[in-house]
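K.L.:
Listed below, chain by chain, are the residues.
Protein chains: 2
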Amino acid sequence: MKSEELCPRFESGMELLSKRWTGLIIFRLLEGSQRFSELESSLPISGRLLSERLKELEAAGIATRTVYPDTPVRIEYELTEKGRALHPVITSIREWAEKWVTPDEPAPTK
Amino acid sequence: MKSEELCPRFESGMELLSKRWTGLIIFRLLEGSQRFSELESSLPISGRLLSERLKELEAAGIATRTVYPDTPVRIEYELTEKGRALHPVITSIREWAEKWVTPDEPAPTK
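Sequence order for the protein chains is A and B.
Throughout the first sequence, residue numbering follows our numbering, covering 1 to 110 in sequence.
Throughout the second sequence, residue numbering follows our numbering, covering 1 to 110 in sequence.
These are computed hints drawn from the structure, not numbers from a lab.
The beta-carbon is built from N, C-alpha and C at its ideal position, and this holds for glycine as well.
It is possible that some hints are incorrect.
Over 10 Å on every C-beta distance to chain A, these chain B residues come out as not near it, computed from the model [claimed, not checked]: (1) Met14; (2) Leu24; (3) Ser46; (4) Ser51; (5) Leu54; (6) Lys55; (7) Tyr68; (8) Pro69; (9) Pro72; (10) Arg94.
Subject to a maximum C-alpha distance of 20 Å in a straight line, what follows is the list of computed PhoX-like cross-link-like pairs (lysine-lysine) [as the list claims (entries may be wrong)]: (11) B/Lys82 <-> B/Lys55; (12) B/Lys82 <-> A/Lys99; (13) A/Lys19 <-> A/Lys82; (14) A/Lys82 <-> A/Lys55; (15) B/Lys99 <-> A/Lys82; (16) A/Lys99 <-> B/Lys99; (17) A/Lys99 <-> A/Lys55; (18) B/Lys82 <-> B/Lys19; (19) B/Lys55 <-> B/Lys99.
Have a look at the derived ranges for each label pair, beta carbon to beta carbon [what the hints assert, rightly or not]: (20) B/Ala59 <-> A/Tyr68: 46 to 52 Å; (21) B/Glu38 <-> A/Glu56: 52 to 58 Å; (22) A/Gly47 <-> B/Ser41: 24 to 30 Å; (23) A/Pro44 <-> B/Ala59: 22 to 28 Å; (24) A/Leu49 <-> B/Leu30: 31 to 37 Å.
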């Protein structure tokens, strides 16, 4: 693929993954479908921001939101095939970060 | 690695990679050391922003800048071992983007 074609796709992929916490949310969802509350309690992130990120992942076709009409209503989030295909990306970032990022390296500022 | 330890490292890694054009600059440098002008002409990015991104990569220990006292002076950028270790990350993003990101998907807005 010529770089002119690659640039926009690569950058779009990076753009999506680069939103703060998106990588970690996908990392969690790779473990299987989860309720909002499960995601919220397992990540150092506000409910509002988590909800925003999940909407973006839905819009990008990376995650789905399923409402189960139980009492109380149950809402679960799950990765699509496109989302699950990010497994090698998330794994390679995790492995690189574990080996090369020192704990005292400045935490994200965004 | 417990998630509490992973979160900051993973997010720091994501934070670094997420800066716009950083992924593509690393992608180029994976091909070998390059002069500023070579990088600038091969990427749709301004000289000012390229210079900023290269300084960030130097500060993060991912790239080095070498000045050759030729006439005119020659300045080359090269990945460090930490930088070259990003090869699987960049490759996995490229492969995912080629397969799953459609050309008409909105280009980055940042």
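K.L.:
Each hint needs a verdict: does it hold in this structure or not?
P.N.:
A quick look at each hint next to the structure:
1. Met14: violated, 4 Å
2. Leu24: violated, 6 Å
3. Ser46: holds, 15 Å
4. Ser51: holds, 19 Å
5. Leu54: Check passes; 17 Å lies beyond 10 Å.
6. Lys55: holds, 15 Å
7. Tyr68: The assertion about B/Tyr68 holds, with a minimum of 26 Å to chain A.
8. Pro69: Holds, since 31 Å exceeds 10 Å.
9. Pro72: holds, 27 Å
10. Arg94: violated, 6 Å
11. B/Lys82 <-> B/Lys55: Between B/Lys82 and B/Lys55 the Cα gap is close to 15 Å, so the pair holds against 20 Å.
12. B/Lys82 <-> A/Lys99: Cα-Cα ~9 Å, so holds.
13. A/Lys19 <-> A/Lys82: It holds: about 17 Å lies between the C-alpha atoms, which stays within 20 Å.
14. A/Lys82 <-> A/Lys55: holds, 15 Å
15. B/Lys99 <-> A/Lys82: Answer holds: B/Lys99 to A/Lys82 is near 9 Å, not above 20 Å.
16. A/Lys99 <-> B/Lys99: Violated - the C-alpha atoms of B/Lys99 and A/Lys99 are around 28 Å apart, more than 20 Å.
17. A/Lys99 <-> A/Lys55: violated, 32 Å
18. B/Lys82 <-> B/Lys19: It holds: about 17 Å lies between the C-alpha atoms, which stays within 20 Å.
19. B/Lys55 <-> B/Lys99: violated, 32 Å
20. B/Ala59 <-> A/Tyr68: 46 to 52 Å: Check passed, 48 Å falls within 46 to 52 Å.
21. B/Glu38 <-> A/Glu56: 52 to 58 Å: violated, 35 Å
22. A/Gly47 <-> B/Ser41: 24 to 30 Å: Between A/Gly47 and B/Ser41, where Cβ atoms are some 46 Å apart, the hint is violated.
23. A/Pro44 <-> B/Ala59: 22 to 28 Å: holds, 25 Å
24. A/Leu49 <-> B/Leu30: 31 to 37 Å: holds, 33 Å
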